[in-house]
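Peer 1: Below, each chain spelled out in residue letters.
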Amino acid sequence: MARYILKRVGMMLISLLLIVTMVFFLMHAIPGGPFTAQRELPPEVEAALMAKYNLDESLPTQLGHYLLGLLQGDLGPSFKYPGMSVNDFIREGFPVSAKLGGITILFVLLAALPLGIVAALKNGKWQDGMTMLLATIGVTIPSFVIATILLYLFSHKLGWLPAYGLDSLVGYILPVVALGGYSLSFLARLMRSSLLEVMGQDYIRTARSKGLSQTKVVIRHALRNALIPVITILGPTVAALLTGSFVIEKIFALPGMGKHFVTSITNRDYTTILGITVFYAVFLVVMTFVVDLFYVLIDPRIKYE
Amino acid sequence: MADLLKVEGLRTSFATQDGRIEAVKGVDFSLNQGETLGIVGESGSGKSVTSLSILRLLPSAGQISGGRVLFGGQDLASFDEKAMRQVRGAQISMIFQDPMSSLNPLIPVGKQVEEMLQIHWKTEKAAMKKRVLHLFERVRIPDPAARYRCYPHEFSGGMRQRVMIAMALACEPSLLIADEPTTALDVTVQDQILVLLRELRQETGMAVMMISHDLGVIAEVCDRVLVMYGGMVMESAPIDALFENPMHPYTLGLMESIPALDQDRSKELQPIPGSPPDMSNPPKGCPFHPRCLHARSICAQQIPSSFAFEEGRTSRCWLLHPDAPSTSNPLKKGVSHGV
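Protein chains in written order, with our numbering: chain B, 1 to 305; chain D, 306 to 644.
Take the hints with a grain of salt, since some may be wrong.
Footprint (simulated), chain B over chain D, 3 or more residues, beta carbon under 8 Å [what the hints assert, rightly or not]:
{"no.": "1", "stretch": "392 to 406"}
{"no.": "2", "stretch": "416 to 424"}
Example chain D residues on the side facing chain B (calculated, C-beta under 7 Å, incomplete) [claimed, not checked]:
{"no.": "3", "residue": "L363"}
{"no.": "4", "residue": "N409"}
{"no.": "5", "residue": "T488"}
{"no.": "6", "residue": "V492"}
{"no.": "7", "residue": "F548"}
Where chain D lies over chain B, by a calculated footprint (3+ residues, C-beta under 8 Å) [to be verified]:
{"no.": "8", "stretch": "74 to 81"}
{"no.": "9", "stretch": "200 to 208"}
{"no.": "10", "stretch": "220 to 231"}
Hints were generated in silico from the structure; no laboratory data involved. Idealized CB from N, CA, C, for every residue including glycine.
Isolated chain B, as found in the complex:
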């Protein structure tokens, strides 16, 4: 097991290196640069700026510099916001995004799993129909539309909930629902189809033939088996929710780090693009690894050498 973990960590580092390299060359392939503006800078000023940030060196050299910094945990200075480093962006934005994301994950799990289970057990009945209708709406309607509708209804019309700000726990309600709507619907559908499939397995018939009640059959024999695909999806979902969403943070005016995913690209803020991507990628590979470790706990058939 220790060897396996070591091997996986090594693989993760290689993946990250590949991701950084690819993003690095891709972003340099986009026309323009951090100092391209409508009002052109005098050539001397631009040259001085380029020199200051080492942008006059060859691309491989720049990449080397960046990787060296990365090893020391330094994501570099922002090209667009003088005096700010990418580490500052993350230090400021991540706690906000992570708290919202954490609450959203809890909400999604507590709602999606029971809904999916009820829908599966009441397959074809109205409970199933209602859940699946809601879930289809949740998967198909984009989060910004959901957010807008929620804001219009609960904030503007009814005045029950604040339109922005996270000062009180009440402020979290709308962003959490808007942010988690998609994952909630997706996971509920997945839970339902997975449980339905498990309920059709031979060992469920065996469990029933033993004289177990339906509830005990589901709890003791079906749920653990049905959770395996759900856990697979949970890894990337957790990574995505914790690192924030541009749209939701924009709509609810939240100071999270989601905005950097988009603005850094339009700004050609090279270090920020790389830094935010690396941060997200680290989350993603770590979560995937955690999911793989979870499999071992759940499924005795899976063993890692």
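On the provided structure of chain B, position chain D as indicated by the hints.
Peer 2: Then chain D, alone, in the frame of chain B:
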């Protein structure tokens, strides 16, 4: 002797997109205490559905639409779900075709057997574990204490079926339903399992209902046989009588399609022509008539009734009707004067 199980006019149907399909169309049989009854038939003949109907373990689309299932004199079809749960496992237990998929992959095998005791016997934990180890020994799983903690994927097919049998026997049921218990196993393992089942039946005195598509398997363990086709019992007979003198064209066909070791190689096997009936659109009259070599005009019009012509034997075939001609009648060779 008292009937342990008596099935009367059992009908089971399934809701499908093409409407209701009747998979079992009025099956009657009875099973004595300690007797082994074989049910043989092709896929789709209704043999598995019959057994699942007895325990009311049909998938949700299935439904018993008529008849009675008397077990120890009580009609199981009238039991509510809770009463039924006390019958399942405790009085009637079941083993299934595929031991690979019939055990929960995430639970150690010992625990799965122990669960049966937990449900019905509720004794102390240590006593239950002891009984599981004893059961493992009885079904000849080597090194029970070590195997107790193993997971199904660490077992071979034959070993898994032994676990299933240990589980089925845990609460000393009076009836064991074995639905194709050896079909998914290697031939040598098949034989071991059959020998084991036969021994356990002698030790415990339980009755066994053995479902198989393989006449050879039935011949090895059963006292009596039902031959099913198209959801009906075509012939029922004591095992030796059936092999000596099959009294239904379908049974005859089955026998002729079994290769024998000492058979003349130049002689070709005689398979039954055609394929089993489409149950969503069953043939009118006798379900076997489109494939029957001896079919007559009445066979396509009316379902024959079951003729009892000898002690313990019935056959559902128009050829046995008293008015049927005896010339070129394969069923009236020996019994023409006996009917």
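Peer 1: Next step is simple, just say for each hint if it's right about the structure.
Peer 2: Each hint tested on the structure:
1. 392 to 406: Since 9 is at least three, the answer is holds.
2. 416 to 424: holds (count 3)
3. L363: Violated - the Cβ of D:L363 stays beyond 7 Å from chain B, reaching only about 10 Å at its closest.
4. N409: Holds - the Cβ of D:N409 comes within 7 Å of chain B, reaching about 4 Å at its closest.
5. T488: Violated - the Cβ of D:T488 stays beyond 7 Å from chain B, reaching only about 13 Å at its closest.
6. V492: Status violated, d = 22 Å.
7. F548: violated, 31 Å
8. 74 to 81: violated (count 0)
9. 200 to 208: Coverage by chain D holds for the stretch 200 to 208 of chain B (8 residues, Cβ < 8 Å).
10. 220 to 231: holds (count 4)
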